[in-house]
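If you're matching them up, the sequences are chains A and B in order.
Per the working numbering, residue 1 is the first one in the first sequence, and the count goes up by one each step.
Per the working numbering, residue 266 is the first one in the second sequence, and the count goes up by one each step.
Because the hints were derived from the structure by calculation, they are not lab data.
Watch out, some of these pointers could steer you wrong.
Dumping the calculated DSSO-like pairs for lysine-lysine here, alpha-carbon to alpha-carbon at most 30 Å [unchecked claim]:
1) LYS12/A <-> LYS410/B
2) LYS410/B <-> LYS397/B
3) LYS286/B <-> LYS236/A
4) LYS69/A <-> LYS172/A
5) LYS286/B <-> LYS145/A
6) LYS286/B <-> LYS166/A
7) LYS12/A <-> LYS431/B
8) LYS21/A <-> LYS501/B
9) LYS277/B <-> LYS166/A
10) LYS282/B <-> LYS132/A
11) LYS397/B <-> LYS17/A
12) LYS172/A <-> LYS68/A
13) LYS295/B <-> LYS347/B
14) LYS145/A <-> LYS132/A
15) LYS333/B <-> LYS501/B
16) LYS17/A <-> LYS501/B
17) LYS282/B <-> LYS145/A
18) LYS397/B <-> LYS12/A
19) LYS277/B <-> LYS145/A
20) LYS68/A <-> LYS166/A
21) LYS397/B <-> LYS21/A
22) LYS431/B <-> LYS17/A
23) LYS21/A <-> LYS410/B
24) LYS410/B <-> LYS17/A
25) LYS17/A <-> LYS437/B
26) LYS295/B <-> LYS236/A
27) LYS355/B <-> LYS333/B
28) LYS30/A <-> LYS12/A
29) LYS333/B <-> LYS437/B
30) LYS12/A <-> LYS501/B
31) LYS286/B <-> LYS132/A
32) LYS282/B <-> LYS236/A
33) LYS236/A <-> LYS347/B
34) LYS21/A <-> LYS431/B
35) LYS68/A <-> LYS132/A
36) LYS410/B <-> LYS437/B
37) LYS166/A <-> LYS282/B
Some residues of chain A that are not near chain B, with every Cβ distance over 12 Å (derived) [said to hold, decoys possible]:
38) LYS68
39) THR88
40) LYS145
Computed from a predicted structure; not experimentally measured.
Each residue gets a CB set at the ideal place from its N, CA and C atoms; glycine is no exception.
Number of protein chains: 2
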Amino acid sequence: MEKCIEQVENFKVVRVKMDRKERQGDIVVKEAPLTIFLNREELVTLLCTPHDLRYLAIGFLATEGFIKKREDIEDISLDEEKGIIRITAKDTLELAKKAFTKRMITSGCGKGTLFHSIGDTLGCGIVQSGIKNIQHTEIFNLMHKFQRCSTLFRETGGLHSCAICKDRTILKFNEDIGRHNALDKVLGECFLEGISMNDKLVLTSGRVSSEILIKGAKWGISIIISRGAPTNLAIKLAERLGITLIGFVRGQRMNIYTHSERVTV
Amino acid sequence: MEKCIEQVENFKVVRVKMDRKERQGDIVVKEAPLTIFLNREELVTLLCTPHDLRYLAIGFLATEGFIKKREDIEDISLDEEKGIIRITAKDTLELAKKAFTKRMITSGCGKGTLFHSIGDTLGCGIVQSGIKNIQHTEIFNLMHKFQRCSTLFRETGGLHSCAICKDRTILKFNEDIGRHNALDKVLGECFLEGISMNDKLVLTSGRVSSEILIKGAKWGISIIISRGAPTNLAIKLAERLGITLIGFVRGQRMNIYTHSERVTV
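Chain A extracted, bound-state conformation (with noise of 0.2 Å):
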């Protein structure tokens, strides 16, 4: 994959093994700032890996509540080398305005619920799922393509990655330094073709902390299903909201946390 090559770097490293030391090349993974202008005024500056920049600016404004509809989106203009992308859209200014009021640091890697609070959250309504239920293999199967789609993090061993499945099928698959930047790309790519979310499900690669989780509500998904481990707040948080929360996918085993009632066994 060339867009593999774009994002690492060559290193010269020195590399011990015993009592053994030996320089040789190593490729590192790239990290990078990306500042977003929403209707010419400085929102913020992520930290990530410089590729599918768009999706990735357009997915964190779309989780954030800046953007509602893809309609509303009147340009997307992005200089890669100064990592700055501007957008202009409809009917945001009241809503940016309020979330700059807001600040809240997230444990997961990435930029997390910067502008929402866990209060927020029980706002959020009841996810409506369109997916009835899924077997057990099927889950098993796609946390294995899944990984075989990781080849930068096989390279690099420094990224996570996010895919968004509709039954046996990955349909958008990203990766990023960042948990939520890998999702938030995905996500906005979805976006962007106006696909619908509510009979998706999510795989992740990374912890599922309450703000993966709160990201899948915003967006409807009722599935979410990653190779780490829950937070309790996550797992209190799906029960709530009507989310099946499943981890620790590895190999031919998984713990469903809550509402197991869409898994066939």
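Using the hints provided, position chain B relative to the given structure of chain A.
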């Protein structure tokens, strides 16, 4: 460890293995918000593992430049139930105001460099190390001890850990769902005890992104050792700031990315 018991919660989970499922108990790491008030002004809300919250708050404030020395701290008042910590300190207002004008969201687990930009970093001086050199075997040994400390991670699979070491000894160790929080906890504890950093090294379980590097530089830490991968930006900053950056320390192997002259093999 009693500490561990407080920081996890029991849940009933549906465990699937091959084609069998059963309901079992599972322990899950806690996540909770901590809102920091500095001199009566609400500063930020962190999502974190709710223990050692004094260390976390002080580490955060010191790292972000709100407080410069422990003598400036007049009072620390923690309400664990509500997740609120109030800190009274001298000479903070100007800095706090300045910091509030910037918004950067990080790729890292935890709060990262919300309050400073990459640009600021380049104003960091070269780290003056009190460590002449370290044997490679000592690094392997420290990492081995470090991993044995991580009981909570082993139990729940949802935590990052961090340690401050001198010579062959782990002085401070802590864990959190956020990489940055874990680092701030050990740094905050050292700050409160007046322990200087220039002859210490840092161990971390997580990836080393630019913000972890910058955080280390601000505290004058000259050796950063990780089980995980660095980003290209972290390597470049480490090179420039005179920090020895070591990654992928696993068993008897490691990669030394920068300033390998401090490590004797």
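Now for the hints, and whether the structure bears them out:
{"no.": "1", "hint": "LYS12/A <-> LYS410/B", "result": "holds (29 Å)"}
{"no.": "2", "hint": "LYS410/B <-> LYS397/B", "result": "holds (22 Å)"}
{"no.": "3", "hint": "LYS286/B <-> LYS236/A", "result": "holds (22 Å)"}
{"no.": "4", "hint": "LYS69/A <-> LYS172/A", "result": "holds (19 Å)"}
{"no.": "5", "hint": "LYS286/B <-> LYS145/A", "result": "holds (23 Å)"}
{"no.": "6", "hint": "LYS286/B <-> LYS166/A", "result": "holds (24 Å)"}
{"no.": "7", "hint": "LYS12/A <-> LYS431/B", "result": "holds (28 Å)"}
{"no.": "8", "hint": "LYS21/A <-> LYS501/B", "result": "holds (22 Å)"}
{"no.": "9", "hint": "LYS277/B <-> LYS166/A", "result": "holds (28 Å)"}
{"no.": "10", "hint": "LYS282/B <-> LYS132/A", "result": "holds (22 Å)"}
{"no.": "11", "hint": "LYS397/B <-> LYS17/A", "result": "holds (22 Å)"}
{"no.": "12", "hint": "LYS172/A <-> LYS68/A", "result": "holds (21 Å)"}
{"no.": "13", "hint": "LYS295/B <-> LYS347/B", "result": "holds (15 Å)"}
{"no.": "14", "hint": "LYS145/A <-> LYS132/A", "result": "holds (22 Å)"}
{"no.": "15", "hint": "LYS333/B <-> LYS501/B", "result": "holds (27 Å)"}
{"no.": "16", "hint": "LYS17/A <-> LYS501/B", "result": "holds (24 Å)"}
{"no.": "17", "hint": "LYS282/B <-> LYS145/A", "result": "holds (19 Å)"}
{"no.": "18", "hint": "LYS397/B <-> LYS12/A", "result": "holds (23 Å)"}
{"no.": "19", "hint": "LYS277/B <-> LYS145/A", "result": "holds (29 Å)"}
{"no.": "20", "hint": "LYS68/A <-> LYS166/A", "result": "holds (23 Å)"}
{"no.": "21", "hint": "LYS397/B <-> LYS21/A", "result": "holds (19 Å)"}
{"no.": "22", "hint": "LYS431/B <-> LYS17/A", "result": "holds (23 Å)"}
{"no.": "23", "hint": "LYS21/A <-> LYS410/B", "result": "holds (23 Å)"}
{"no.": "24", "hint": "LYS410/B <-> LYS17/A", "result": "holds (19 Å)"}
{"no.": "25", "hint": "LYS17/A <-> LYS437/B", "result": "holds (28 Å)"}
{"no.": "26", "hint": "LYS295/B <-> LYS236/A", "result": "holds (11 Å)"}
{"no.": "27", "hint": "LYS355/B <-> LYS333/B", "result": "holds (9 Å)"}
{"no.": "28", "hint": "LYS30/A <-> LYS12/A", "result": "holds (15 Å)"}
{"no.": "29", "hint": "LYS333/B <-> LYS437/B", "result": "holds (21 Å)"}
{"no.": "30", "hint": "LYS12/A <-> LYS501/B", "result": "holds (12 Å)"}
{"no.": "31", "hint": "LYS286/B <-> LYS132/A", "result": "holds (19 Å)"}
{"no.": "32", "hint": "LYS282/B <-> LYS236/A", "result": "holds (24 Å)"}
{"no.": "33", "hint": "LYS236/A <-> LYS347/B", "result": "holds (18 Å)"}
{"no.": "34", "hint": "LYS21/A <-> LYS431/B", "result": "holds (24 Å)"}
{"no.": "35", "hint": "LYS68/A <-> LYS132/A", "result": "holds (27 Å)"}
{"no.": "36", "hint": "LYS410/B <-> LYS437/B", "result": "holds (12 Å)"}
{"no.": "37", "hint": "LYS166/A <-> LYS282/B", "result": "holds (23 Å)"}
{"no.": "38", "hint": "LYS68", "result": "holds (21 Å)"}
{"no.": "39", "hint": "THR88", "result": "holds (20 Å)"}
{"no.": "40", "hint": "LYS145", "result": "holds (18 Å)"}
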